[in-house]
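Residue numbers (our numbering), protein chains in the order written: chain U, 106 to 519; chain V, 112 to 541; chain S, -12 to 305.
A portion of the hints provided could be inaccurate.
Claimed, not checked - Derived DSS-like pairs: lysine-lysine, alpha-carbon spacing no greater than 25 angstroms straight-line: (1) U:K165 to U:K462; (2) U:K412 to U:K486; (3) S:K113 to U:K248; (4) U:K165 to U:K501; (5) U:K305 to U:K501; (6) U:K385 to S:K113.
The set of hints was computed from the structure by calculation and includes no laboratory data.
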Amino acid sequence: MRIPTKFGVTAALALSVSATAAFAENIKIAFIDPLSGPFATTGTNGLAEFQFAAEELVNKKGGVLDGDMFEVIGLDNKMDGKESLINLQVAIDQGAHYVVQGNSSGIAHALTEAVNKHNRRNPDSQVLFLNYSAVDPALTNEKCNFWHFRFDANADIKMDALTDAIVQNDEISKVYLIGQDYSFGKAVAEAAQRDLGAKKDSIEIVGNELHPIGKVKDFTPYARKIVSSGADAVITGNWGSDMVGLGKAIIEAGFTGPIYTYYAASNGITRTFGEAGVGKINLVGEGALNPAGSPEVDEYVDAFEAKYPDHDISQPRIANVVRMLAMAIEEAGTATDVVEVAKALEGMETDNFWGGKIKMRAEDHQAIQDVYVMEQASGLKHLLDNSDYGLETAVKVEMASADIPTTCEMERPE
Amino acid sequence: MTDASQKTATITRAPALSLGQVLPWVISVIFLVAMPTIFQSNSAITIMNQMMITIVFALSYNMLLGQGGMLSFGHAVYMGVGGFFCMHLMNIVETNELPIPLPVLPIFGGLFGLGLATIVGSFSTRKAGTVFAMISLGIGELIAACSVIITAFFGGEEGMPGDRTYFMPFFGIEFLQQIEVYYLIAFWTVLSTLLMYLFSRTPVGRMANAVRDNPERAEFLGYSARWVRFFSFSAAGFFAGIAGALFAINYEILTETNLSTTQSGVILLIAFLGGVGFFFGPIIGAIVFTLLQSVLSLQSEIWQLYVGALFLATVMYFPGGLAGVLMMHVPAAKFGKLGTLVVPYIKTLVPAIIAIFGLAALMELLFHVRHASAGDDEMTLFWTTFDSHSVLPWIIACVATVGGFWLARLSAPSLREAWHRANTPKGRPA
Amino acid sequence: MDLVIINLIDGLFYGLLLFMLSSGLTLIFSMMGVLNFAHASFYMLGAYFAYQISMYLGFWMGLLIAPLLVGVVGALVERYGLRRVHQYGHVPELIFTFGLALLIEEVIKFFWGNNLMAYQEPEILKFALFSIGNNAVPAYKVFMIFTSVAIFIGLLYILTRTRIGMIIQAALSYPRTVEALGHNVPLIFMGVFGVGTALAGVAGVLAGPVLGTFPGMAFVLGSIVFVTIVIGGLGSLWGALVASLLLGWLTTFAASSSFPFASILESFGMQRPESLSDSYLRDLWTLTLPQIGPILPYILMVLILVFRPHGLFGKRDV
């Protein structure tokens, strides 16, 4: 888990040395996410997945272009916008042309804004921002820009798939929405209201609630309201300890229906729910492990689990980020002219590593891919958190929301 | 908390400017001007900008804690709100094309910080001590919570972005490059530092010290302790607002983390680490902490553990902070005996440092064994790569720790004696 | 109506949990005159110790041993840390406990990592004791309620009816006189600090399985504990009890209501704007009481400090 730190040091201390000159043949990908502090688990997990993907999918196959290797540099943003911007500067100074980030849409907003400004002001050291996990729809709508690409399905797309699963289930007629009081929580609630209303009139939304993020100590009162409302299902975008607190309180209060979530797996959450979560915790995401899309996927996951027993493939899209970047660089014939690489990435349509196809829409830089609704279950091939539980595909939505409208008006460089 | 100004307070008339008073400022300015020519990369400049912003913020915090004796757990609020207002101003300038140059923005930031501080100060400064601390905590939590609720002003979780380049060009400078921003921030850092220093020399600044040490006596002298605290508090809010504006200029975005209580806690840590008893203490604290944060965090995953331990050790053993440690040597230097301390220092400190590094190595080894992925036995520490599951590194680390500690203890008495001798004026028996 | 009753029970549970923390804190304060910022960190230590012990010896041994361990750690902190800093004054003491809180969190992360611990309640209490409406009340929560009530009665008995309690009370008000009478006051201080932190440890052991055992658990609860004792009046055990219950019910009922702020705006004769996105007050129009529930205690505290600085039951200023 040792992060390649030498480069960080050169950047911060031996600043007079131009780092670009040192290892020009490596294509550097700067990974900017929390590697210390309360969210470090998610960050270190993501870094491990990136390094593994770069090694397995690119470097072991001879690299790109004339044998150039991918090198993933972990930079700790401490889940802080300011630190992320410093990291971006460090990454650029080291000659990285690709920045990947995922945890927190707030930081993604700060980064995409900063990358846009940087590229406009410094045409000779432009960078691309490959967003592998921040799902705020705004990033590919009103706040979109040419330098940003999103490889995860955004909150709207996920909700589209989730509501597909809900309307198929005849036992659900009352739904309760609850989420954290910030942009993402609000986006989830809005999308759920919109989609459920459009898809099935008979479904009633019996509650729509926001709670302060990270401040609620005891979720029991919320759980009481949910149970009393007579809801058949709960939808929440909660993550971290807010997810665990809410989920446990709901189950303990005697709720028996399904809980539809975005982030209730891995990082100790699956293990904490344990048996109580089986059949109740549902999660929407791209890239399913049980069953896997191909034997190659099985092999890949097994190899990862063997190398990093304490980590999980919790963000499968990372494999797609690395693979598609490699393909785009090959197609553009250059790794340093990011405008060419971005143009190659736009509209790219290829095999999804996890099965099916994946397409990077040109008009808003949003990846379109299969989205799955998965259920916590035991006795699976690929488990999470070193527990006896994992996620099993319940519903698969092919090329989810391929024609979802976007308000993106992208300015393209000449 | 002993204070240098207490000693100088006995000098009643304001002496004319002496070389000793002007020299530190001149050196600082030359230093600031020269730094970017030594460290040229953008990331270095960004880190230095961060350092200077922290300096202004820490000094403003110390107006409360060090000079006024008010422990605040919510100072980030004034910096944050000042910054947020500046961000809005930046956006207004962009849409309306107002003829305002960027370098004056910090004045507005300061005024907004001052405005908020006057409102809060009107009721929070009635008492010092725990009442003040708790009110500051409550207000801090309130405004931090508002930042995610009132999205119209705070922009919610995405924060409030802006673009500094739409201001009226300032003598042709559009502040496109980091280096231009560096000099802007440097100018404001020097100016605010100077103003804060001068404030501490004004009667109000002096009375703040008196009220801190003994509010009752100050009241008997006819000063209202409450008003004195209120003035210090408002002034601190003003400079925190300037720091917020500088933050807005450098990062072009403010987010809810700027207001969080964590941020308020960090600035307390910085000020105390540097030394609250001396005017320049927080400056040292800001520099050291920013370096720790940006350099140590690249070296070690458990850097926060080290910072926590360092902080606690400071509180327990050096309540004067780093500045206090430095100033302890002033008497010896005055007696011209500083040189006699060098050898004993080397004898004690070198083994002590070895012991600390050994201990850190043990922690890193333990952490690596516990948390690294299976099969990943290789770790890099102090520029050497080795197998963390083999016995040798453990032995080396243990020997370094125990041996260093033992040697340091062994030579400690002679250091103590040398210290004693160095602090005795010449011609007097030690 | 069902919901009101169930909220009363939940509020009681949360309030009593707060009380287990605030009782120790208020004792420590009245003795040493310093607010222990790290108090919630001892609560966290309790949960982690109990988790580790329960892996080998089961939940009940954890409940027994973990608070003792926490108490010992607390006593050591007092003896070798706080007593040393005491000479510098109250503000450095406060800062010391603040730093201690940081350090404890980092130490926890060092040993247990960042993940949630799968710390579970004992199997024997894993059932719903009764239900009101559809809402189940877990047996474990009822067990917690009774445990904390028992602790309160025990504490009250010791403080008011036993000799050692008398000495502690005397030492609180007149430490020098008590010392002159031949009692070892520093030892009493150390003991009270140990007992106070052990109480926090008990709270951690009991709350860990319900509220989650993770490195941020102290931070989440930390400042609210101060708020409790400031509202109740520093140094007052009864004040701590009343304030704990008050806050427990306040947050529970705020969270379970759905009172919209729009109705306040409307009562001022304001019209809901057609398009919310253009309105400067758009956030107020969509705000509901549960959204600001967790900050209500802070508002209450600031008001109390401004208008009644010695709190509800306190005899002296904060």
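Structure-based check of each hint:
1. U:K165 to U:K462: holds, 23 angstroms
2. U:K412 to U:K486: It holds: about 17 angstroms lies between the C-alpha atoms, which stays within 25 angstroms.
3. S:K113 to U:K248: Not satisfied, since the Cα-Cα distance of roughly 48 angstroms exceeds 25 angstroms.
4. U:K165 to U:K501: violated, 32 angstroms
5. U:K305 to U:K501: Between K305 (chain U) and K501 (chain U) the Cα gap is close to 19 angstroms, so the pair holds against 25 angstroms.
6. U:K385 to S:K113: holds, 18 angstroms
Violation of the numbered hints given earlier is confined to hints 3, 4; the remaining hints are satisfied by the structure.
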